[in-house]
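**Q** Keeping the supplied structure of chain A fixed, place chain B upon it in accordance with the hints.
There are 2 protein chains.
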Amino acid sequence: VTGTEGEPARRRARIQAHLDDLTKPVGALGRLEELALRLAMVLGDPPPPLEDALVLVMAADHGVAAEGVSAYPAEVTRQMCLNMAAGGAAVNVLARSVGARVEVVDVGVRGTEPVGPGVHHRRVREGTRNLAREAALRPEEVEAALQVGRDAVWELGMGRVGGDGGAGSGGGAPLPPGDLVLGEMGIGNTTAASALASVLTGAPPEAVVGPGTGVSGEARARKVAAVEAGVARVQGPRPLRHPDHVRGALAEVVALAGAALACREARVPVVVDGFIASVAALAALRLDPALEPWLFAAHRSAEPGHDAVLRALGLDPLLDLGMRLGEGTGGVLALPLLRAAGAILREMATFQGAGVSR
Amino acid sequence: VTGTEGEPARRRARIQAHLDDLTKPVGALGRLEELALRLAMVLGDPPPPLEDALVLVMAADHGVAAEGVSAYPAEVTRQMCLNMAAGGAAVNVLARSVGARVEVVDVGVRGTEPVGPGVHHRRVREGTRNLAREAALRPEEVEAALQVGRDAVWELGMGRVGGDGGAGSGGGAPLPPGDLVLGEMGIGNTTAASALASVLTGAPPEAVVGPGTGVSGEARARKVAAVEAGVARVQGPRPLRHPDHVRGALAEVVALAGAALACREARVPVVVDGFIASVAALAALRLDPALEPWLFAAHRSAEPGHDAVLRALGLDPLLDLGMRLGEGTGGVLALPLLRAAGAILREMATFQGAGVSR
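For the record, the sequence lines run as chains A and B. Just so it is clear: in the first sequence, position 209 is 210 by my numbering, and no numbers are missing. Just so it is clear: in the second sequence, position 26 is 27 by my numbering, and no numbers are missing.
Rather than coming from a laboratory, the hints here were simulated on the basis of the structure. A couple of the hints might just be wrong.
Unchecked claim - Some chain B residues close to chain A (C-beta under 10 angstroms, calculated; not the full set): (1) Arg32; (2) Val77; (3) Glu348.
Stated by the list, open to error - Some chain B residues well away from chain A (every beta-carbon gap over 12 angstroms; in silico): (4) Glu144; (5) Val216; (6) Asp289; (7) Ser302.
To be verified - Short derived list, chain B residues pointing at chain A, Cβ under 7 angstroms: (8) Val94; (9) Ser98; (10) Gln148; (11) Leu322; (12) Arg325.
Ideal placement from N, C-alpha and C gives every residue a C-beta, glycine not left out.
This is chain A alone, in the form it adopts within the complex (with noise of 0.2 angstroms):
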């Protein structure tokens, strides 16, 4: 048994001769065996079974939408909270069958607030405004936003007191072992998006706009010029790094990130989504470098500025299905493989244990 104190290398090379004792030819098990050991410099060899899977939906509507870089209209956001709550989106049918529970929260909603099971009422404001005109959120705004993110790790139940302290689950009994995947929800998002994707790692609004729900032609030639014109108010060197411009830039995504910087405070696994939880989680770790080990990326999604975030992350997603449709759906389905590699330290025989030749 192998903590998670104590000097990394050491550890690290503690678990890899624990993998590399177990009943199969040294490597065979492939990203399989990488994920393990992640997973147990974070939480210690073994790591405990991740029981609790819950996928936090960040829902919010997008001033941007109105300069019409949709193949929806706006009022989309709302309804499909009304589907999450029912049970009827994608999220929940991919939830549902590997056993992970939806929670949706309203950072900023339009319209009347949606009700139902699941659905969490916690706007800072009804849509952002039109980043294409001005900042989308002011200062105190991405403040409050960011602490609905953090707010909602806790009060959703994946906090427990950690290791290192942490912000604390409020002193009650430690919660079962979790991993927590980043989906939103909110038409005119991947816009948003792919203004702060532009800015955190350098590549331009050209390279960073795609499809999102669709939208092709001059939709699309609308959308990179809101990303644009978004993109030229902000302040700071490209790529931006430093804590100070990030937090300038972050608006519309800034709930997602700030559930990602709880995580390493309530100690649980973060499973990365597609382009729009990557930013996030890219804004997150520029705020906190230290989130980095609890970050894991779930797939690549068929949005093309994807790729440019991930480099920026430093990961290597573990599927490549072609999604695009956010939700959280792509990291739903790596849950079964995060699962997966920590039976591995958790189960499998050694050759010694097994009596097996080598």
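**A** Just chain B now, with coordinates in the frame of chain A:
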């Protein structure tokens, strides 16, 4: 609801229309939608939940091990059967983590029969002959091993009376729907599979021989020489296509091919694991082209010969995790994706049903 009767093009169009009517942008779930379509084509729309997932591990020794082609001694085959019976092998751990069961069939292990839960004795021969020197199996042994594979599917509980009759499950109560992972274990079996891959695809031995359990240098050179000798003895033009020629070449992975063949009769989707299982599936496909829609490629193995075999199968695998263990481990990891794909068609809301604007 779309059954499996009637013209395929029309059924395909109906299933596609169902997918496009679900609350997501068209095509946004990427290859998961393609997977859902394929499942619905063979099982009906919506496909039933695949409740019973069986991993069938065909275990056998291979005479060619005498040539020094493996990093492990031949007794490991029998020891690993016992490890699987005790639940400590990688395939047991991964199967438990996704809720699948493992059954091991001793088709030709050497030495005292390994006894334990989930190990079934169906030896055709105590190990095959050395394919570098003579035919590994006689024609009647090939037929017997094919039958072991077919029978295993029915005996171990997957077989049920399908829409088109099939071989029947003995007239008992219908069994829960499921899918079957083709797995294998046996020292020397990548060598045998490489010989078969070469004659079935036309690729030269040098191109289809890989590290297996982890050989390189002189051991790998011996492996190439053994495969060349075996390949030279097989009758027929390359690539082998005619069923009689394929039957003649089948030797080592024959029981697995038999199991694949039975799956069409049993109406069970076949999840093909890595290199060796893919070679077995390709042989089965050459014997029965109607097997094609039932085959699903789970992952891309690190074995270099796998690509040529996948191309010949016309399959694009779901996962690419650098695995090269066999046992069905890669197949097991793909099961959650198949389950998720089927669940989309069963459980996702439509735009109209959920009141979402399009």
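**Q** Just checking, Ser302(B) versus chain A, shortest CB gap more than 12 angstroms?
**A** 9 angstroms, violated
**Q** Measuring Cβ to Cβ, find out whether Glu144(B) lies farther than 12 angstroms from everything in chain A.
**A** Correct as stated: the minimum Cβ-Cβ distance to chain A is 33 angstroms, above 12 angstroms.
**Q** Hint validation: Val77(B) versus chain A, beta carbon distance must be below 10 angstroms. Holds or violated?
**A** Nearest chain A Cβ about 6 angstroms off; hint holds.
**Q** Can the hint on Ser98(B) be confirmed by a CB-to-CB distance to chain A that is less than 7 angstroms?
**A** 4 angstroms, holds
**Q** Test the statement that Val216(B) is away from the interface with chain A: the closest C-beta pair must be farther apart than 12 angstroms.
**A** Label violated. Min Cβ-Cβ 10 angstroms, cutoff 12 angstroms.
**Q** Hint Leu322(B) vs chain A: min CB-CB distance below 7 angstroms?
**A** 4 angstroms, holds
**Q** Does Glu348(B) meet its interface restraint, that is, does its C-beta lie within less than 10 angstroms of any C-beta in chain A?
**A** 4 angstroms, holds
**Q** Holds or violated: is there a CB of chain A closer than 7 angstroms to the CB of Arg325(B)?
**A** Holds, because the Cβ-Cβ distance from Arg325(B) to chain A comes to roughly 5 angstroms (cut-off 7 angstroms).
**Q** Taking the minimum C-beta separation from Asp289(B) to chain A, is that value above 12 angstroms?
**A** Asp289(B) clear of chain A: closest Cβ-Cβ about 29 angstroms, beyond 12 angstroms.
**Q** Against chain A, with CB atoms and a cut of 10 angstroms, does the hint on Arg32(B) hold up?
**A** Nearest chain A Cβ about 4 angstroms off; hint holds.
**Q** Take the shortest C-beta to C-beta distance between Val94(B) and chain A; is it under 7 angstroms?
**A** Holds, because the Cβ-Cβ distance from Val94(B) to chain A comes to roughly 4 angstroms (cut-off 7 angstroms).
**Q** May I ask you to test the interface hint for Gln148(B) with respect to chain A, counting a Cβ-Cβ separation under 7 angstroms as satisfied?
**A** 30 angstroms, violated
Of the numbered hints stated above, those contradicted by the structure are hints 5, 7, 10, listed in ascending order.
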